[in-house]
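There are 2 protein chains.
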Amino acid sequence: MDATPPTLLDLSTYLLSKTGKTARERLATRLAAHDLRLWHMAVLAALADFGPHAQRDLAARLGIDSSDLVRVIDDLAAADRVERTRDTTDRRRVQVTLTPAGRTTLADLQTEARIVQADLLAPLTPAEQAQLHALLLRVHLSADRP
Amino acid sequence: MDATPPTLLDLSTYLLSKTGKTARERLATRLAAHDLRLWHMAVLAALADFGPHAQRDLAARLGIDSSDLVRVIDDLAAADRVERTRDTTDRRRVQVTLTPAGRTTLADLQTEARIVQADLLAPLTPAEQAQLHALLLRVHLSADRP
DNA sequence: CCGATGTCAGATCCACTGAAATGA
DNA sequence: CTCATTTCAGTGTATCTGACATCG
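Sequences listed follow chains Z and W, in order.
For the first sequence, position 102 (counting from the first letter as 1) is numbered 102 according to my numbering, and the numbering increases by one without interruption.
For the second sequence, position 11 (counting from the first letter as 1) is numbered 11 according to my numbering, and the numbering increases by one without interruption.
Wrong hints could be hidden among the right ones.
Identical copies go unnamed one by one, so any copy, or any two together, can satisfy a pair.
What the hints assert, rightly or not - When the alpha-carbon atoms are kept at most 20 Å apart in a straight line, the in silico SDA-like pairs for lysine to any residue are as follows:
| id | residue 1 | residue 2 |
| --- | --- | --- |
| 1 | 21 | 126 |
| 2 | 21 | 60 |
| 3 | 21 | 33 |
| 4 | 21 | 37 |
| 5 | 21 | 49 |
FYI, nobody ran anything at the bench for these hints, they're computed from the structure.
Generate the whole structure from the sequences, applying the supplied hints.
Put into structure tokens, the structure is as follows:
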């Protein structure tokens, strides 16, 4: 009595949406143990990969509303994971920089993410997992720039 | 300045979550043109695939909260896409049945879903799309029963 | 026990404020 | 140089969704 309707299982759209939601929820649960949410991790990752950003640029990169980003950064700054500094040449801007503690936190979160991933993708062989990743990556890159 | 952090792109968890969200949003937009949302489609599909359900069983099958299902069925019943009838043997139960109009609607929604899917998966060859579908299906089936 | 109503928390979106830069 | 306009961080809020709690 609990099987999913085949009509839906036939749709890749449905499977993507559903497994995506599962992945999201499981990761969010893990991050909650660190008192963080998905956006916190995304911000830390962006700063680690691309260096300090003005808040506006960070919001544009991550596709988050800048008013919401303010609150995410409030949290991270309160825990000394990022640092806010006024831009000296344009005093409207605030540079956001990753702290060493933030870098450590990010590494922990990545470990959590890999645990979730290993668990979720357990039914696939490593080769299949890599295949899935490659396919998803291509879909993502094309969907992000239509 | 708008590239996604590689730290995130390395995580299948992230790609699943992100592309899943994209798929969901695009389909939801399409369904909104019919004044319907994703749960409406899921309910129609379940009724088409498995026949009439009591509301409680339908909620269990779809993994939706029964209080939310009530309102979804309210909408569908108001548009004559499903019909509510009291169970004669257990008068607490309400049987929900698909109407011919509901079946037609479902077919329309499936068409919409395939359009979204063709668009989203356009960067992949048909063989790759089938591969992605098969992999996602296995992940979904295992994730649904942990 | 089952369907139905009400409510609450989280996320996203949108409008706005005040300070600071830009340019006519 | 002045004033209007634009840009930026930050605040407040409306809306929508999903989870829960309770009622009949």
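Violated hints - listed by number, lowest first: 1 and 5
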